[in-house]
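Colleague: Take the given structure of chain A and dock chain B to it, following the hints.
There are 2 protein chains.
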Amino acid sequence: MKTPSQILPDWESSLLNSAQQVQDLSLTIPLWVEKRGPHSEIVFSTRIRLARNLAKHFFPSSAPAAELTTVSDEVCAAVSKSGALTQPTFVEMDYLAQLDRLVLVERRLASPALADRKGSARIILGAGEYASIMTNEEDHLRLQSFQSGLSVRAAWQKLERIDEELSNHLDYAFSQQLGFLTACPTNTGTGMRVSVLVHLPALVLLDQMGKTSRKFAKLGLTIRGFFGEGTEVIGNVFQISNQLTLGCSEDDTLGLIEQVAEQLIELEQKARAQLLADKKLNLEDKVWRIYGVLRYARSLSSGEFLNFLSLIRLGLDLKILTGWSETLLQELMLVTQPGHMQKWHKASRVTEKRDKLRADIVKNKLKLTGQ
Amino acid sequence: MKTPSQILPDWESSLLNSAQQVQDLSLTIPLWVEKRGPHSEIVFSTRIRLARNLAKHFFPSSAPAAELTTVSDEVCAAVSKSGALTQPTFVEMDYLAQLDRLVLVERRLASPALADRKGSARIILGAGEYASIMTNEEDHLRLQSFQSGLSVRAAWQKLERIDEELSNHLDYAFSQQLGFLTACPTNTGTGMRVSVLVHLPALVLLDQMGKTSRKFAKLGLTIRGFFGEGTEVIGNVFQISNQLTLGCSEDDTLGLIEQVAEQLIELEQKARAQLLADKKLNLEDKVWRIYGVLRYARSLSSGEFLNFLSLIRLGLDLKILTGWSETLLQELMLVTQPGHMQKWHKASRVTEKRDKLRADIVKNKLKLTGQ
Numbered sequence: 001m002k003t004p005s006q007i008l009p010d011w012e013s014s015l016l017n018s019a020q021q022v023q024d025l026s027l028t029i030p031l032w033v034e035k036r037g038p039h040s041e042i043v044f045s046t047r048i049r050l051a052r053n054l055a056k057h058f059f060p061s062s063a064p065a066a067e068l069t070t071v072s073d074e075v076c077a078a079v080s081k082s083g084a085l086t087q088p089t090f091v092e093m094d095y096l097a098q099l100d101r102l103v104l105v106e107r108r109l110a111s112p113a114l115a116d117r118k119g120s121a122r123i124i125l126g127a128g129e130y131a132s133i134m135t136n137e138e139d140h141l142r143l144q145s146f147q148s149g150l151s152v153r154a155a156w157q158k159l160e161r162i163d164e165e166l167s168n169h170l171d172y173a174f175s176q177q178l179g180f181l182t183a184c185p186t187n188t189g190t191g192m193r194v195s196v197l198v199h200l201p202a203l204v205l206l207d208q209m210g211k212t213s214r215k216f217a218k219l220g221l222t223i224r225g226f227f228g229e230g231t232e233v234i235g236n237v238f239q240i241s242n243q244l245t246l247g248c249s250e251d252d253t254l255g256l257i258e259q260v261a262e263q264l265i266e267l268e269q270k271a272r273a274q275l276l277a278d279k280k281l282n283l284e285d286k287v288w289r290i291y292g293v294l295r296y297a298r299s300l301s302s303g304e305f306l307n308f309l310s311l312i313r314l315g316l317d318l319k320i321l322t323g324w325s326e327t328l329l330q331e332l333m334l335v336t337q338p339g340h341m342q343k344w345h346k347a348s349r350v351t352e353k354r355d356k357l358r359a360d361i362v363k364n365k366l367k368l369t370g371q
Numbered sequence: 001m002k003t004p005s006q007i008l009p010d011w012e013s014s015l016l017n018s019a020q021q022v023q024d025l026s027l028t029i030p031l032w033v034e035k036r037g038p039h040s041e042i043v044f045s046t047r048i049r050l051a052r053n054l055a056k057h058f059f060p061s062s063a064p065a066a067e068l069t070t071v072s073d074e075v076c077a078a079v080s081k082s083g084a085l086t087q088p089t090f091v092e093m094d095y096l097a098q099l100d101r102l103v104l105v106e107r108r109l110a111s112p113a114l115a116d117r118k119g120s121a122r123i124i125l126g127a128g129e130y131a132s133i134m135t136n137e138e139d140h141l142r143l144q145s146f147q148s149g150l151s152v153r154a155a156w157q158k159l160e161r162i163d164e165e166l167s168n169h170l171d172y173a174f175s176q177q178l179g180f181l182t183a184c185p186t187n188t189g190t191g192m193r194v195s196v197l198v199h200l201p202a203l204v205l206l207d208q209m210g211k212t213s214r215k216f217a218k219l220g221l222t223i224r225g226f227f228g229e230g231t232e233v234i235g236n237v238f239q240i241s242n243q244l245t246l247g248c249s250e251d252d253t254l255g256l257i258e259q260v261a262e263q264l265i266e267l268e269q270k271a272r273a274q275l276l277a278d279k280k281l282n283l284e285d286k287v288w289r290i291y292g293v294l295r296y297a298r299s300l301s302s303g304e305f306l307n308f309l310s311l312i313r314l315g316l317d318l319k320i321l322t323g324w325s326e327t328l329l330q331e332l333m334l335v336t337q338p339g340h341m342q343k344w345h346k347a348s349r350v351t352e353k354r355d356k357l358r359a360d361i362v363k364n365k366l367k368l369t370g371q
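So the sequence lines, in the order shown, correspond to chains A and B.
Last residue of the first sequence: number 371 in the numbering used here, and the count goes up by one each step with no gaps.
Last residue of the second sequence: number 371 in the numbering used here, and the count goes up by one each step with no gaps.
The following block holds chain A by itself, in its conformation from the complex:
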């Protein structure tokens, strides 16, 4: 006799395990985060996403519930058949508690919008979280790939292959004149958004970010806060992404982002050198005071903590602080987010209690630096 999971296709039995899969995921650090890529002292990560839709289906916002499920099923089947993602994990958002959805948002696997979606919306994850797919977000498919550091070409190579393999099994909505058709016209064309997260504390400290932003805005770029659209800049981390998807090739977009990121790296490096030359003691003092606060605080809010970590990271990059393991900072950034804290440390949902626990976690971790 066959068990239900033997009767169902792989992806369907994986969906039934959605909650457990997110639970397991939440206790790990993404492989792509652990591996430090090129220029990772300034560029946290490179992300590329492609918006794709299936011909002969309504866009998600106007599709009836049954059609959403059909779309999700078609995508899952295509992923499974094509082998586009290695060791794929299939997650149905509807099967997840609020906390598990939050964990996916914190890992940037789900958009905040997807976490609130009614009707079938799924996440399909490749091993190590290098690549993933959302179904029925704004578009039928949102393919994305992540790399540590500035790694535009590697991210694209991976994503292009996934896109091609899927296109053999799915009927993409495509127009010879416009390119890929999307729910929102701002994505039509390549459907591509390349974004890099850059850490520019020295430019901020030297009050040069206003000027820098204005200069790059003219090139068809958006510069905004950590979590994308509508979020403020926290921890001196800026997200740089392309505005145009129409009238330019994928290669144009990759080239533009790469070029701008390289210029920002150079400006930030100059600013860091200037800080070391002109204000070394002041900078050391700032960094070490924050280290002291992190070692002894009894309560740390999520926002101030990210701001503190920015200067800690600068201190590590400039060798003001030493003795930290390669991944301590990345781990701290991930596990002190509200959702992950609730998962890793059974933290309370009450903000005040969580701030207290965050301080405890950080204090204990920092003791390991032996300073």
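Derived by calculation from the structure, the hints in this document are not laboratory data.
Do not rely on the hints blindly, as some may be mistaken.
No copy labels: a pair is met if it fits in one copy or bridges any two.
Said to hold, decoys possible - List of simulated lysine to any residue pairs, SDA-like, C-alpha gap at most 25 Å: (1) 35 <-> 275; (2) 280 <-> 171; (3) 270 <-> 298; (4) 279 <-> 316; (5) 319 <-> 357.
Modeller: Same frame as chain A, but now just chain B:
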């Protein structure tokens, strides 16, 4: 054959050693500071000073140089003969370098005005710095006595005895109608100024100091900053002193200050209890963050350091911090002042370098708390 010091009276040979005496003094902590007096968790110290003048001499501001010397000599001879001060040390301000004068100001043995005086101005110190005399400040004599904590009666007992013993050897300017005559009419009468330094961080944190000050101002009191007239409030330390010297007895003044200090102690204790009841975590967090900053800062300015120490002291009083020796805080307050740092640690006269050294000293001292 006799050496010069055998020919001269004791006090004159002591004067010749002025610089060495201040050097020796600068490397010690005053005995009265080490002994913690009543309510010393809130009242740092009690100080009483008496203004006295010699009949038949011009007040210092209008006396020719020779007369200033005569007055100083008469006072020194009287101190020596009377035994009013135990093991007196005699210091001529004119024999001191600027740095040594600063050390005396920081120990509150000289007023800033005395440190700048042209012509003979002296300080005569009793053992342990409990009592001392300035000559040719605003008045011919300024006698003062210090006690740790709220100790108005003990301070007065000591000072009254000194005053009486000196009066047997000096012809005080005294009027039956007005009392003791002084250079400035605001001191005429008793010539007495009683002042207590109170540490009121909880009242400040709860924003109750404005109301409290206004209430006590009506009683004929002055509430001002640490270093007296014209100085701002640093480190939540307030100096409470009497305004009136005419039309009231010494006993009235002592009683008033004692009573007001006791009321302030009670208000501050209530405020501390309220902080612990309503904002314990917040207070612990504040105290420990400052501890962390003090442990790791690379530069500490004198003013911010005093502000930090205020919360550290509160933390010790409320047992948030433990493991500190009884005198560590007092020692830190004394030796991190600019003049004392130059003496104890051969610190630079350049503020920036001194701020760096201050941070080093504090860091090394705090390591001893083992936290």
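Colleague: Are the hints correct? Go through all of them and say.
Modeller: Now for the hints, and whether the structure bears them out:
Taking the shortest alpha-carbon separations for residue 35 and residue 275, neither the intra-copy value of 28 Å nor the inter-copy value of 47 Å comes in at or below 25 Å. Taking the closest pair of Cα atoms, residue 280 and residue 171 never come within 25 Å of each other, the shortest separation being 59 Å inside a single copy and 62 Å across copies. For a Cα distance limit of 25 Å, the shortest separation of residue 270 from residue 298 across copies, 24 Å, qualifies, whereas the shortest one inside one copy, 36 Å, does not. In this homomeric assembly, residue 279 and residue 316 come within 25 Å of each other (Cα to Cα) only inside a single copy, at 17 Å, whereas the closest approach across copies is 34 Å.
In the homo-oligomer, the alpha carbons of residue 319 and residue 357 lie at most 25 Å apart only across protomers (21 Å), although the nearest pairing inside one protomer, at 29 Å, exceeds that limit.
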